[in-house]
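Could you build all of it, start to finish, from the sequences and the hints given here?
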Amino acid sequence: MQPVILRMEGIEKYFPGVHALDHAQLEVREGEVLALVGENGAGKSTLMKILTGVYTKDEGSIELFGEPIDIQSPHDAQKRGISIVHQELNLMPDLTVAENIYIGRENVRGFFLNQREQNQAAEELLQSLHLNIQPRTVVKYLTVAKQQMVEIAKALSFPNTKILVLDEPTAALTDGEIEELFTFIRRLKANGVSVIYISHRMDELKQITDRITVMRDGQFVKSVNTEEVTIDEVVQLMVGRVIYEEPKMQSNVDPGAEVVLEAEHLNSADVKDVSFQLRKGEILGFAGLMGAGRTETARLICGADKRESGVIRIRGKEVRINCPRDSVRAGIGYLSEDRKRYGLCLGLSVEDNMVLPSLERLSTSLFVNDRKLTEVSKEYAAKVRTKTASVKTAVRNLSGGNQQKVVVSKWLLRNCDILIFDEPTRGIDVGGKNEIYKLMNELADEGKSIIMISSELPELLRMSDRIIVMCEGRITGELDIAEANQEEVMRYATKRR
Amino acid sequence: MKKLSGDKIDMNKLLAPAALIILYIFFSAFGNNFFSADTFKNILEASYYIGFMAFGVTFIIITGGIDLSLGTVMMCSALLGAYTFKQGCPLILSVLLTILVGVFFGLLNGLLIAKLKLPPFIATLGTQMVSQGMGSIITKVQSQTWPTATDLTGGWFKRTFIRANLFGINGFPVGALWLLGAFVIATLILHKTKFGRYTYAMGSNEEATRLSGINVDNWKMGIYILSGLFIGMAGLMYAAAYTTITPGTGNGQEMNGITGVVIGGTSMSGGSGTMVGTLIGVFIMSVLKTGLSSCGLQAPWQTFFTGVVVILAVLMDIQRTKAANRAKK
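Quick mapping for you: the protein sequence lines, in order, are chains A and B. 453 is the number that the UniProt record's numbering gives to position 453 of the first sequence; each next residue is one higher, with no gaps. 172 is the number that the UniProt record's numbering gives to position 172 of the second sequence; each next residue is one higher, with no gaps.
Among the clues, some could well be false.
To be verified - Output of the computed footprint for chain B on chain A, the stretches with three or more beta carbons under 8 Å from beta carbons of chain B:
(1) 81–90
(2) 338–351
Claimed, not checked - In silico DSS-like links for lysine-lysine, alpha-carbon gap of 30 Å or less:
(3) A:Lys340 to B:Lys322
(4) A:Lys387 to B:Lys117
(5) B:Lys117 to A:Lys340
(6) B:Lys13 to A:Lys372
(7) A:Lys378 to B:Lys117
(8) A:Lys340 to B:Lys41
(9) B:Lys192 to B:Lys322
(10) B:Lys13 to A:Lys378
(11) A:Lys306 to B:Lys117
(12) B:Lys322 to A:Lys387
(13) B:Lys86 to A:Lys392
Hint data in this document are derived by calculation from the structure and do not stem from the laboratory. Beta carbons: idealized from backbone N, C-alpha and C, even for Gly.
Here it is in structure tokens:
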């Protein structure tokens with residue numbers, strides 16, 4: 001077994017009114033990939049911010065190579081060989097790769113930049129990491145995965161980096177790019193770099209990590225060897241209770257059930273000849289790699305983008321959908337993959353968000369009826385079990401899962417019976433995910449029809465009655481849940497022309 | 001863990017009223033004859049046109065937009081009203097025309113911003129110059145005068161909008177009633193109607209609002225037109241208070257309105273603000289103007305201090321936004 005190089009013990013951190021870290025601990029061994037997992041608010045990020053000098057600890061000790069150290073600033077951490085790559089990329093898109101790597105530490109000769117030497121240094125660095133990236137390339141022309149690797153290269157450009165923290169590095173990557181990243185991480189490992197890997201994607205842990213450390217409520221729960229546990233066991237450690245809706249073994253929908261939504265030959269720049277039917281009470285999964293055209297299809301149906309051709313029928317009747325207003329009136333509610341950008345007015349209250357599409361219906365007189373609005377929003381917030389201090393609370397103060405519930409109730413309140421869930425559990429922690437699954441199943445049981453777009457195959461296989469697979473804007477396969485499995489779906493998802 | 005301490009929010013709400021009271025006490029102590037009924041009337045009179053501008057632009061700023069044409073449109077409308085009156089138009093029609101000029105520029109701004117998708121800053125910078133130029137061209141750069149209180153034909157103009165012998169009071173500030181009325185209407189629209197709700201929603205997240213099935217473009221047009229109506233009214237109040245309108249002025253007046261709104265707690269980034277706040281902000285601006293001149297500091301100093309207040313107000317706005325973002329985490 002490799003020696004322990006980093007030991008954090010008895011770490012305490014208080015924020016006003018919050019005990020964020022309660023005797024947290026962490027051990028990292030040389031050349032290992034350690035997963036740090038926990039629900040949102042479990043204290044992972046706070047612990048990592050203490051390690052990388054963003055926050056200072058209130059109590060506790062940190063030992064690096066057996067020596068007690070005191071980390072005061074990010075610069076301090078980097079000098080000691082500890083670097084972090086944040087979830088959001090922090091690159092300057094208009095600068096070159098080399099300029100990004102050496103930002104703040106430019107190679108200068110007197111007053112002027114020494115571009116040539118800097119590019120050379122960057123080239124050597126990238127080559128040593130076996131990265132096929134040119135130092136003179138402007139960063140915005142790189143794929144997201146390549147940009148991520150530039151970030152990592154930047155972190156490693158500090159002399160003798162021994163510990164690298166990766167915070168949700170795969171959140172924005174496609175499957176192919178994730179594979180590329182994993183290969184890269186394995187190479188780092190072989191070079192003796194230890195990686196602390198934070199992720200919400202449970203299936204990745206098995207692939208890339210050696211050990212898993214679980215945190216809950218600011219406390220250390222347990223460290224386990226990845227080989228010796230199942231994902232379900234890890235999840236149980238994270239939430240401290242058994243979770244997850246039962247997976248579906250067969251479709252709950254009668255094949256003769258009414259077709260509520262029918263799309264025929266939809267076409268746009270990113271969508272090629274897409275036709276499908278959605279039945280009453282059905283959860284129809286849309287699988288595919290990133291860029292397969294699933295979100296784009298959803299946006300055509302809800303009028304967010306203009307379609308070039310194609311017909312949309314609701315209960316057999318053709319409807320004209322040219323803008324979101326048309327689709328909302330037709331009873332289609334779209335829950336975007338990017339809630340904060342497309343789904344919510346973050347600064348406004350839960351109530352204001354919930355009643356927004358329904359104001360026309362709920363207030364026909366000159367003035368809005370405040371009391372009635374509060375009443376209905378309370379009713380719907382309770383119906384979907386939204387956890388909020390009151391309906392007057394600003395949505396930005398809610399957790400991801402509860403924000404998603406606000407969007408759901410917004411459409412329920414508008415009487416939408418076709419709901420399009422686009423990546424419904426993105427950025428939501430494990431406990432919150434299960435709440436969303438449960439809610440979707442309840443809605444389907446009530447007779448709502450649901451389209452579920454997801455990049456997490458296990459969740460699609462758990463929830464859907466039927467799965468449509470897309471690739472490069474086309475539908476390449478359709479599977480009943482009884483016959484669907486990961487391999488089958490992936491085969492269709494990669495069926496390029 | 002996600003609660004912001006209640007005290008902090010209240011502090012922010014109290015800041016503007018506190019500033020108003022402190023300013024008033026300060027000028028009462030140091031100004032020449034500031035604490036008097038006459039000065040109080042002056043403060044009121046200076047607040048009328050600023051108030052109308054500010055009420056209108058509050059809607060725009062809450063949507064996350066901005067209107068830089070406020071001041072020159074106000075002057076243009078007052079100028080054209082006076083011009084038509086001088087040309088022999090019945091006073092009542094000139095009054096209506098004044099308001100319509102405001103509405104026209106509101107419509108123009110709305111078209112440029114909501115339909116043609118120009119950034120509000122650029123669009124209204126354009127209409128700022130267009131309106132100023134238009135006023136000068138039509139009047140051939142001649143100053144125009146509205147009737148004074150003693151005029152036989154149009155004496156009712158000032159009596160209706162500024163001051164009259166009412167309720168047994170000599171020189172009762174009628175304008176304050178107009179201001180109050182406009183305030184009540186603006187408050188009701190902003191806080192009690194769909195129109196108001198959509199204003200906040202658009203400012204908070206325009207795309208999410210559009211995807212909620214709301215015709216964002218049309219509502220935005222409506223907001224600029226409503227604001228234009230208020231600006232036209234501001235032109236009327238300005239005309240009634242100051243009688244003589246000089247072409248080529250008005251530039252810079254927009255800052256009085258905008259600053260009033262921002263001091264009153266409306267965020268420049270949109271999505272939040274109240275009409276009460278704007279009213280208080282307006283009084284801060286007019287107390288400042290009147291107070292400075294009572295200290296013997298004339299126009300250049302007023303401009304100087306308005307600039308200082310603008311900077312302070314926006315700094316406050318940044319602090320508020322920061323506090324809101326902290327609450328997010």
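| query | Hints broken by the structure, by number, lowest first? | reply | Hints 1, 4, 7, 8 and 13 are the ones this structure does not satisfy, whereas the remaining hints hold.
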